[in-house]
Every structure is written in C-alpha cells, then in structure tokens.
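Residue-level listing of the chains:
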Amino acid sequence: MIGIIDTNAGNQLSVKNALNRLGCTCLISDDADALRKCDKIIFPGVGEAKHTMSHIREKALDQFILSYKKPFLGICLGMQIMSSYSEEGKTACLGIFKTEALHFPENEVVPHMGWNNLLNFEGDLFKGIQKKDDFYFVHSYYIPINEYSIANCDYILPFCAAMKKDNFYATQFHPEKSAEIGAKLLENFISL
Amino acid sequence: MLKKRIIPCLDIKDGRTVKGINFKGLKDAGDPIALAKSYVDQGADELVFLDISATEEKRKTLAQLVKKIAREINIPFTVGGGISSIEDVKTILLSGADKISINSAAVKSPLLIKEISSRFGAQCTTVAIDYKKVQGKDEVYISGGKIATGIKLADWIKKVTALGAGELLLTSMDHDGKKQGFDLSTLNEISSKIKIPIIASGGAGTSRDFSELFTHTNISAGLAASIFHYKEITIPELKNYLLTKNIAVRC
Numbered sequence: 000m001i002g003i004i005d006t007n008a009g010n011q012l013s014v015k016n017a018l019n020r021l022g023c024t025c026l027i028s029d030d031a032d033a034l035r036k037c038d039k040i041i042f043p044g045v046g047e048a049k050h051t052m053s054h055i056r057e058k059a060l061d062q063f064i065l066s067y068k069k070p071f072l073g074i075c076l077g078m079q080i081m082s083s084y085s086e087e088g089k090t091a092c093l094g095i096f097k098t099e100a101l102h103f104p105e106n107e108v109v110p111h112m113g114w115n116n117l118l119n120f121e122g123d124l125f126k127g128i129q130k131k132d133d134f135y136f137v138h139s140y141y142i143p144i145n146e147y148s149i150a151n152c153d154y155i156l157p158f159c160a161a162m163k164k165d166n167f168y169a170t171q172f173h174p175e176k177s178a179e180i181g182a183k184l185l186e187n188f189i190s191l
Numbered sequence: 000m001l002k003k004r005i006i007p008c009l010d011i012k013d014g015r016t017v018k019g020i021n022f023k024g025l026k027d028a029g030d031p032i033a034l035a036k037s038y039v040d041q042g043a044d045e046l047v048f049l050d051i052s053a054t055e056e057k058r059k060t061l062a063q064l065v066k067k068i069a070r071e072i073n074i075p076f077t078v079g080g081g082i083s084s085i086e087d088v089k090t091i092l093l094s095g096a097d098k099i100s101i102n103s104a105a106v107k108s109p110l111l112i113k114e115i116s117s118r119f120g121a122q123c124t125t126v127a128i129d130y131k132k133v134q135g136k137d138e139v140y141i142s143g144g145k146i147a148t149g150i151k152l153a154d155w156i157k158k159v160t161a162l163g164a165g166e167l168l169l170t171s172m173d174h175d176g177k178k179q180g181f182d183l184s185t186l187n188e189i190s191s192k193i194k195i196p197i198i199a200s201g202g203a204g205t206s207r208d209f210s211e212l213f214t215h216t217n218i219s220a221g222l223a224a225s226i227f228h229y230k231e232i233t234i235p236e237l238k239n240y241l242l243t244k245n246i247a248v249r250c
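So the sequence lines, in the order shown, correspond to chains A and B.
According to numbering that gives the first Met the number 0, the first sequence is numbered sequentially starting from 0.
According to numbering that gives the first Met the number 0, the second sequence is numbered sequentially starting from 0.
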C-alpha cells in the first residue's frame, strides 16, 4: 500500500491514477496514523507553499513526515516543502533538505512549463532512464543545485531536478504526468 | 532544453468528440477517450478538451468524462468550455484535469482569474482568448467568437497576466480553419513582451506552419484540431519535420 498525502490542493488524484495504472493500491489521507502503516509515501504537489505548510501543520503531518523511515517521495511543491524555506508565501518548510525554493528571475517566461530533459542524473530512481528522456515540469519556483542533487535540469539557469537524503526522495518534475518515462520512474520508486 | 509543445484539441459535445465541417455541421467523431489515447500514443505533449455542449444539464456529464480521461491518460490535459465559476473549476480539477481554461467568463468577470489563480495556482489557470482584426486592430471576441467585446487584445492580455493567468491560449479567428499558417505577426509581437507561456491556435495546415511559428516567435506551444483528426499531419511526422529544422521537441 502506497500512501498519498492529501494536501487539500488537487492533484493527489493524478498520482493515484498513475499508481493504479502500475497495479498499486493506494490510500489518499491526511491522517498520520493511517499513513504510518503504508510501505511508502508520496507527497504530491500542486498548490501554494504557505497554504500547504499550514495544512500540514494543522494535521500534525510535519512531525510524522520527519519521523518516517520508509521510502518517501515529494513531487514538485512536495519537493519544495521538504526544503528549509520557500520564497512562495515566505514560509518556513520541513527542512529535510537544507536548501531554499526561490522564484525564477522575473524577466523570463515563467512558469517553466512543459517537457525537459535531465542532466547528471544518478541512482536507483533513474534506473533505465536515458539522457534523451523528457519529463513534464510546471513550476515558478526552483531549488538551486545542492549537495543532495541526484538530477539537474536547465531552464533560464541550471537548477535541481531531484534530490535524495536517506529515505527521502524528491522530484521537481511530475512523474505521474510524464507518460511512460514517468511511469518507469514511479516503478523504480515502488521497487526501492 | 525545454521542448516546444504540440497539442491536439478535442471538441466535446454531450460526452462525445465532434468535428466541425467548415464551421457548419458537427459530425460525431466517436469516443473522446479512444481518440485521446491515440494522440498520447503518437507523442502528443498535452491535450486540450473543449466542451461545447449546449445545455447546463449535458455539461454536468463533463466531470464524469474528465475522471475517465484522468484514469487513462498519462500526460497533462486542460479542460475548457463553459467554465464560469470557482465551483466549476474545483469540480474539473478535482476530477483530475491539470489545467482549466476560461474564456467568456473571464471577460464578464475578470476577478475570476485572480480567484482561480490564488486558490489553485497560476500553473492551472489558462486564459483562452479568441481575437479578430477589426479596422487593423486585434479585438477580443467571446461566446465562441459570436460577440465582439470592443476590448483590444493587447489590453486584455496585459490585464489577465496581471490577474494571475499562468498560460494563454490565443486563437486568431481570421486564421482559424484557413490552414494557411498561424498569425505570426500578432503572435510574435505578443510573445516578445509577455512573460507567461503561450499556446498558439488557428491556422495550422502543414508541418511548415508549426516550424514557422516556433522559428519566428517565442510561442511555446502550437495547438490544432482538424489536421490531426483528419490525419492530414500525424504527430510523429510533424515532430520529425521540426527536428530537421532544429526545433527541440519531445520524441
């Protein structure tokens, strides 16, 4: 059973649909006790950082996430919430990754919306992924390349496309919306 | 490198796909899910579903259809047509659409854009605009192109971007259906100034039309309906052509 954190913002259904297509059963919930029983957790992300953080705190999910020891994957806003701080709503975040989410420069086309390839990707999550493969991105804030980076991307500037620390994984792109390539990455996460 | 997006558009009426024939009759073109899946298999980068159902009652079936699409399709899709309130938006997004597009309702009540964008994020707020040249100036039309608003296109775009639109879907009514190319001059002017992604629509007839769109403007996506429905161009053919012109696309 894969737990999907209900962020009260919309696209948890997309993640559920993607997992169901891979034959996985999942539970969408914002209840820590229910989520604790899951083998893995996905923290999907569409919405706004400050509102999502207050929802997480209100449901006491912040402490739960920090104490979770099994594989955990944050997607898009989920990844940004796993960092220390987001410029979006100027909010403190979970601090799993000691890094910050910053807004892309104002004079460029934002959001970064569409299919882009990864650079310097490595590790189990990317097994079977090739250099030419594109993933779907849609975001206005980015995390600079840092010590936890396991994949980078280039739009306006090089930025961090995926991170890992212990059992925590995060992707800036949306594997659940990235066709067969995204499904492959989710399968890799499920097999961890 | 960010790839240029190729987006087939499916018109939906009462839960079925329809094709317009020279803007007169509408012909049933079958199950939207089967058609959508075939576009995904061919390498479409996103899909747009436009509901043109005539009545509110028929429109209610849209949410059910969106749920089915979301279960079957593994690429992003936008749903538009008749969305006029924050409740409509919520229903469609919670059914699994990635973005919604609003058109007439935004003109009638511009603050709706701000409401959607602040509640659900700019990334899912696409503003669709139909425009036509009137005495040499581009003017905004609503209600499926039937009603002139008297609003200048440039003014409206400035306003919707300030209100929080995350993407524009621009349709040139003068070029739509003519298959003689996109409206390059207006699209170039707008895309050189506007700092959100723009989908161009209206006028695609050949692969060359897409290559000119991406070579001569900063537009990030091209949308078409009939040329894909009638298989005048297939998506793999189009993408292969664009690659020979050094335009980055997803393959």
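What the hints contain is simulated information worked out from the structure, not anything from laboratory work.
Be a bit skeptical, because a hint or two may be false.
[As the list claims (entries may be wrong)] Here are the simulated DSBU-like cross-link-like pairs (lysine-lysine), alpha carbons at most 35 Å apart as the crow flies:
1) B:Lys2 <-> A:Lys131
2) B:Lys2 <-> A:Lys163
3) B:Lys59 <-> A:Lys130
4) B:Lys136 <-> A:Lys97
5) B:Lys178 <-> A:Lys49
6) B:Lys157 <-> A:Lys130
7) B:Lys2 <-> A:Lys164
8) A:Lys89 <-> B:Lys192
9) B:Lys157 <-> A:Lys69
10) B:Lys192 <-> A:Lys183
11) A:Lys49 <-> B:Lys177
12) A:Lys49 <-> B:Lys230
13) A:Lys126 <-> B:Lys113
14) B:Lys136 <-> B:Lys177
15) B:Lys136 <-> A:Lys36
16) B:Lys36 <-> A:Lys89
17) B:Lys177 <-> A:Lys130
18) A:Lys49 <-> B:Lys67
19) B:Lys89 <-> A:Lys163
20) A:Lys49 <-> B:Lys136
21) B:Lys178 <-> B:Lys230
22) B:Lys66 <-> A:Lys163
23) A:Lys131 <-> B:Lys59
24) A:Lys69 <-> B:Lys89
25) B:Lys230 <-> A:Lys163
26) B:Lys230 <-> A:Lys89
Verification of the supplied hints:
1. B:Lys2 <-> A:Lys131: Judged against 35 Å, a Cα distance of about 12 Å means the pair holds.
2. B:Lys2 <-> A:Lys163: holds, 26 Å
3. B:Lys59 <-> A:Lys130: violated, 43 Å
4. B:Lys136 <-> A:Lys97: At roughly 52 Å apart (the allowed maximum being 35 Å), Lys97 of chain A and Lys136 of chain B break the hint.
5. B:Lys178 <-> A:Lys49: Violated, because 46 Å separates the two Cα atoms, which is more than 35 Å.
6. B:Lys157 <-> A:Lys130: With Cα atoms ~38 Å apart, Lys157 of chain B and Lys130 of chain A exceed 35 Å; violated.
7. B:Lys2 <-> A:Lys164: With Cα atoms ~30 Å apart, Lys2 of chain B and Lys164 of chain A stay inside 35 Å; holds.
8. A:Lys89 <-> B:Lys192: Cα-Cα ~28 Å, so holds.
9. B:Lys157 <-> A:Lys69: violated, 48 Å
10. B:Lys192 <-> A:Lys183: violated, 38 Å
11. A:Lys49 <-> B:Lys177: Violated: Lys49 of chain A and Lys177 of chain B sit about 47 Å apart, past 35 Å.
12. A:Lys49 <-> B:Lys230: violated, 46 Å
13. A:Lys126 <-> B:Lys113: Given pair Lys126 of chain A, Lys113 of chain B is violated - Cα atoms ~41 Å apart, limit 35 Å.
14. B:Lys136 <-> B:Lys177: At roughly 20 Å apart (the allowed maximum being 35 Å), Lys177 of chain B and Lys136 of chain B satisfy the hint.
15. B:Lys136 <-> A:Lys36: violated, 62 Å
16. B:Lys36 <-> A:Lys89: This hinted pair is violated, its Cα atoms lying about 41 Å apart.
17. B:Lys177 <-> A:Lys130: With Cα atoms ~39 Å apart, Lys177 of chain B and Lys130 of chain A exceed 35 Å; violated.
18. A:Lys49 <-> B:Lys67: holds, 32 Å
19. B:Lys89 <-> A:Lys163: holds, 33 Å
20. A:Lys49 <-> B:Lys136: Distance ~42 Å between Lys49 of chain A and Lys136 of chain B Cα, so the pair is violated.
21. B:Lys178 <-> B:Lys230: Distance of about 14 Å is within 35 Å: holds.
22. B:Lys66 <-> A:Lys163: Within the cut-off at roughly 33 Å; holds.
23. A:Lys131 <-> B:Lys59: Roughly 41 Å between the alpha carbons, so the hint for Lys131 of chain A and Lys59 of chain B is violated.
24. A:Lys69 <-> B:Lys89: holds, 33 Å
25. B:Lys230 <-> A:Lys163: Roughly 44 Å separates the two Cα atoms, so the pair is violated.
26. B:Lys230 <-> A:Lys89: violated, 49 Å
Comparing the model with each earlier hint shows violations of hints 3, 4, 5, 6, 9, 10, 11, 12, 13, 15, 16, 17, 20, 23, 25, 26; every other hint is respected.
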